[in-house]
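Undergrad: Chains as they are written, first to last, in our numbering: chain W, 1 to 351; chain S, 1 to 351.
Honestly, I wouldn't trust all of these hints.
List time: in silico SDA-like cross-link candidates among lysine to any residue, alpha-carbon distance up to 25 Å [stated by the list, open to error]: (1) 49/S x 112/S; (2) 49/S x 288/W; (3) 236/S x 91/W; (4) 236/W x 105/S; (5) 49/W x 341/W; (6) 49/W x 286/S; (7) 236/S x 168/S; (8) 195/S x 213/S.
Hints in this document: simulated from the structure, not taken from any laboratory. Keep in mind the model is a prediction, meaning the values are calculated, not measured.
2 protein chains.
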Amino acid sequence: MHATVLHGPRDIRLEQVDDATLVEPTDAIVRVVAACVCGSDLWPYRGVKPTPEPTRIGHELVGIVEEVGADVRTVRPGRFVIAPFVFSDGTCVHCAHGIHTSCVAGGVFGTGPSRSTGRPIDGCQAEYVTIPQADGTLVALDEVPDDHLVPGLLTLSDVLATGHHAALAARVTAGATVAVVGDGAVGLSGVIAAKRLGAERIVVFSRHADRQALAREFGATDVVESRGRDGARELKELLDGIGADGVLECVGTEESMAQAIASTRPGGMVGYVGVPHGDGGLSLQRMFGTNVGVAGGVAPARAYIPELLPDVLDGTIDPGRVFDRTFALADVADAYRAMDERTAIKALLRP
Amino acid sequence: MHATVLHGPRDIRLEQVDDATLVEPTDAIVRVVAACVCGSDLWPYRGVKPTPEPTRIGHELVGIVEEVGADVRTVRPGRFVIAPFVFSDGTCVHCAHGIHTSCVAGGVFGTGPSRSTGRPIDGCQAEYVTIPQADGTLVALDEVPDDHLVPGLLTLSDVLATGHHAALAARVTAGATVAVVGDGAVGLSGVIAAKRLGAERIVVFSRHADRQALAREFGATDVVESRGRDGARELKELLDGIGADGVLECVGTEESMAQAIASTRPGGMVGYVGVPHGDGGLSLQRMFGTNVGVAGGVAPARAYIPELLPDVLDGTIDPGRVFDRTFALADVADAYRAMDERTAIKALLRP
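Extracted from the complex, chain W is given alone in its bound form (with noise of 0.2 Å):
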């Protein structure tokens, strides 16, 4: 079988590997109808993450059941499913509680070895994926979707269900104002949730004529192309002149919360969902005096996937057209040369 292999910053290619296999029980092995390529993906592949040997990549897919181990019990051969960016058993108390992320037989696709056991974990852009703790993990559909509707099940698997965290951290509710800082595929995302969480006022900050345009239908009302204090001044003029009350950001630069917080209403929340670069530099000195919180972190995007699937089903919301380039898994390296020029907002991989 196929798989992406990154070498070495920008690097990166579809290499002959040895098949997936079960290794444990609780194994599945899912063939994949489609995978992509994530902003996160991009800090190993420009080197600012370190890569010292070949590692297996990609934490996004969706595909069909080839085969289980001996103690799967919910997914059989055959069906569709959809995998979330992290594994997880579904029955430990953190998974309990929601946070699939922190579960404690659970692991990030395509980031080495198993946290617990240290057996190897495959990257997702592949043909073939071993899934740990199946029962767990996968989401299946009671049916093969339409091939026009792959595309937004896979943001499932990540980039939707971390916009609806991020939303869910800024506690959105119906007749929120918003701001979104970030108009990458994330961004995009948490536009969407926000509008589907009932928000009356969301304000992206973008400076890309095409993104600004998806992010309006997605549900933006307003957009704002400065960025730091005039992009936090800008924002507080649209809104009531104090600010949103629920503020996603949806970057992860210290520039970029710095930006979030200058931008929420004293007593509103930054959710924040960009993985962090640098430390966040956040000040509790200057937070107090306003009341502005920050909760968020990565996206138990398992949590989600049974609240948000039927809205991408039935096509009340559409946030697969974050997806703006297709390439075959073949063209990885043009998928990335792609993402990293920012010549699409992301990329899908199609084995």
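Fit chain S to the known structure of chain W by using the hints.
TA: Below, chain S alone, put in the same frame as chain W:
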């Protein structure tokens, strides 16, 4: 009239000062029935926060309205009132959101001139206090309460409201597991607030037998004497091995915040109300992976008094017990010394 004046480190005096007067038509003059010393008063008292010139101090009071300005509508002379530690107009956009601490016409008693107008603002450790924005600020009782209720009513001015704010920010709900960092009057009030909101387990970090006993009477189910990592480890052993759903941070040091975050289960919240000394030392990198959020800040006591007041009046809660010593206003230096030397949890002052 007499009022407390801080001259410098550990130099606090009761002095003859100018009589309280109506400066603006929205002011009221209140004769103080009870005031008190706050943990935060100890920072200027100890010289940690400089006192460049003699300054009136104190920000908590209950009393009887003596005189009102021409524009005051809701309180009349003779009414018993509670003044939250921040005055506010009750009508601005922030007050409408329940964040009276950010009121555009607001300010804190006993901290120097008003931030909006520059006019001098009284401290509350005095015989009489001029209350700005009386209609927005003061909560008037229907009748003058029995004297035994005075300490409990005084806690609505700050500590009980602050403990409640911490519990709300930590999202304490029925059945929750809660930890409280800090066994001062605010931490103990946090225990009351968590119990009142239905917490099932309330673990207080404390090394003082008297405070442990009071915490248990207020509803704490467990006590942990260790601090830091050891304390967090012991706490986790008590709570499913994972930590508390919500942690109330009622101290304000970087160490106490680190202990609070380490004591929170993945997906839980830290509600912080300790005035931050240092800049918090928050690590987004660590918070991201575990989805631990941080919210809170300076408590909008005015927003909470209507909800908490009935429970104080009917004896459902007895927060006045945090006052374990009472001093005549003339003995204010003894009151500060008792707080400073930790021979008092909280010192009540009677003019």
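Undergrad: Which hint numbers doesn't this structure obey?
TA: Hints that this structure does not satisfy do not exist here, as all of them hold.
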